[in-house]
Amino acid sequence: MKTALIIFTVFRGHLKAWKRNKTTLFWTLAFPLLLMLLFGGIFALQSDKMDLYIENQNIVNNQPTLASLQIIELINITDAFNIIETNEIEDSDKQRIRTIIIPKNFEQDLDSGNSSIILIMDESHQSFSRTISLVKGIINEINLEQQNSKQPLTLIQKHIISSDLSRIEYFVPGVIGIAIMSTGIFGTIGTNTKYRKNGVIKKLATTPLSKFEWIIGLVLYHAVIGIVSAIVISIVASIVFGIKLIWSPIIIVLLIAGALTFPGIGMIISTVVREEEEADAAGNIITFPMLFLSGTFFQIETMPGAMQIIARALPLTYLNNGLRETMIFGNSQAALLNCGIVVIIGILSIAIAMKITKWTDL
Amino acid sequence: MTEKFAISVKSLIKQYGKFTAVDGISFKVKSGEIFSLLGPNGAGKTTIVEIIECLKKPTKGEVEVFGINIRDLKKQINIKRKIGVMPQNFNAFDWLTVKENLEYFKNIYSSNKSVVKLIEDIGLDGKTDALYKTLSGGMKQRLGIAISLINEPELLFLDEPTAGLDPQARRDTWNLIRKLKEQGKTIFLTTHYMEEAQELSDRILIIINGKIVTDGSPNKLIEEFGGKKLIILRNCKESLLENHSLKYEINFKGEVQIPFENNEHLFKILNIFTDIPDIEIEIKKPDLNEVFLNLTGKRMTAEGLVK
Ligand SMILES: Nc1ncnc2c1ncn2[C@@H]1O[C@H](COP(=O)(O)OP(=O)(O)OP(=O)(O)O)[C@@H](O)[C@H]1O
Ligand SMILES: [Mg+2]
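From first to last, the protein sequence lines are chains A and B.
Quick note on the numbering used here: the first sequence kicks off at 1 and runs consecutively.
Quick note on the numbering used here: the second sequence kicks off at 1 and runs consecutively.
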């Protein structure tokens, strides 16, 4: 009971300081938000055109029919799609985010005023409504040309579950990961070196407060600001980019594991490297590779082999993967695996930190 | 009569690498007294108190606080519960208010002491909700003392509690310390201010370079090592003194000083100057400054020891 009150006191002290200090607020909230908005903006500019797979089955004498070529041309003119023509019929290729199938008897049916094309797409995808309105616009245009019948061309929609991610969807969990990592590592290095220098740690060491209570209070604080940071980032992501994130208790476990891992690493650094600037430099050396290799900006699968090996050794990789699996894919099983890894790394790093941190001989 | 000792230090040695900061020191602090460690910068004062406070490990020697050996790690917590510490260059949490800082430490000790009352006692009523970082240096020091009182300690360590304070603030702190002594607390004071040690202490231990120079009550030290009482004269022609064949010295400020034994001697000398209105006369009893000078041949100033 006493210990709980003491830990709570330590936790609340950190939290109050965080709320009142603009610098810490910046690093936990404003910085990740700016990062997300900036890169979200860049991605939006880049991915102006949407990939569209077209499967033209309306082939006569090894030649696509005129009508089928005409509709492809109309789609092309909209300039909204990046057209990829395929011939093979691959039923449920998840990699294809949107596919249009022009059926075998398309031209024939069009003449008889009773034709259709098929759009296969994930209805829950953020670009679904834009795609559908563009495709319907094209169909209307064709229908207007075909005067002889009321509704010669119709659209058949088929729903698939696609695993295609827009870059921003891929990016958002990574932003949360970066926020957790940087506040965890730099926040702890900052607090430790400051409090050691100005004598707060010395004063605490003269009281019955144990380093166990102090460290657990710190971890709790990081868990809470991690959760706050994740919530704020998610809300902004859904408002600005229209991303739907899936919430599950696993996320909380992941964030707590992150609050063990990164403050633990920060504590180890500030114990081993005692000078303020040097500790900051050491923090940079450790966070820098995680920033770029842990799958926040670039997919790990697309990296060169050597870098993939490094990526697999970094705790942020597993935190990012875990967050992505839950928040985006809703895949609890894959998330749990990553979560387990982060929990183990977290417990290890906090245990080492507790072992080597010293109250005395400061 | 068996006296109760709050602290007992025997042949204490502390080395930092090859450097010996504390070199075989022994002393005891009685319950209820104000005990001062007096010495110039780097004498080893902080090292000694921090060993007693269980912050540093001694290299050699025995230290007991309330009869508990500080090497007994499991019992250190019992010492910590009963002591209040204001470290040198004390700081509290910058982003917490005066009240929140006090409550923080109150919770750590699970103490019942009234925070509001403490704030009143140290005269920080107007600053209850001010952030620690916005306080003046003097206010920070006072809060430091208040925090060290939050667990109602029997033994209080104050390491340079008035460093950098203005004379008024220093007097206020001295009064506070006297009040605490009246409440029956044992106070272990560390200072390099002669005046402070003289004003407050029941007993003083003078150390230089990690070694004890002497110890005793301020009066005893002055009596023993203070030297003569002096008449100090300013604007006095030396020829006048020579005419009366008086023994005199010129001190480091360029003033004439004439030693005297007793009141009769004093009046006899003063008689000589009754008709010379320009002369400024000051009668000076020796203080700790003289004690220190006589013991070490050096003068202790804010800049350290000077010849
Ligand atoms: N952690 C340390 N490592 C090495 N040397 C140290 C350490 N702490 C103190 N010293 C040295 O030990 C000596 C005594 O230092 P200490 O702080 O005890 O002096 P002090 O009497 O409190 O001085 P001050 O009046 O300046 O506070 C000094 O020479 C100091 O340089
Ligand atoms: Mg000191």
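Think of the hints as simulated: they come from the structure by calculation, not from any bench.
Only a predicted model underlies this, so the values are computations on that prediction, with no experimental measurement involved.
Please note that a few of the clues may not be correct.
[Claimed, not checked] Computed cross-link-like contacts, SDA-like style, restricted to lysine to any residue with a CA-CA straight-line distance of at most 25 Å:
(1) B/K82 x A/T9
(2) A/K211 x B/K106
(3) B/K133 x A/F8
The hints, checked one at a time:
no. : hint            : result
1   : B/K82 x A/T9    : holds, 21 Å
2   : A/K211 x B/K106 : holds, 17 Å
3   : B/K133 x A/F8   : holds, 23 Å
Of the numbered hints listed earlier, not one is contradicted by the structure.
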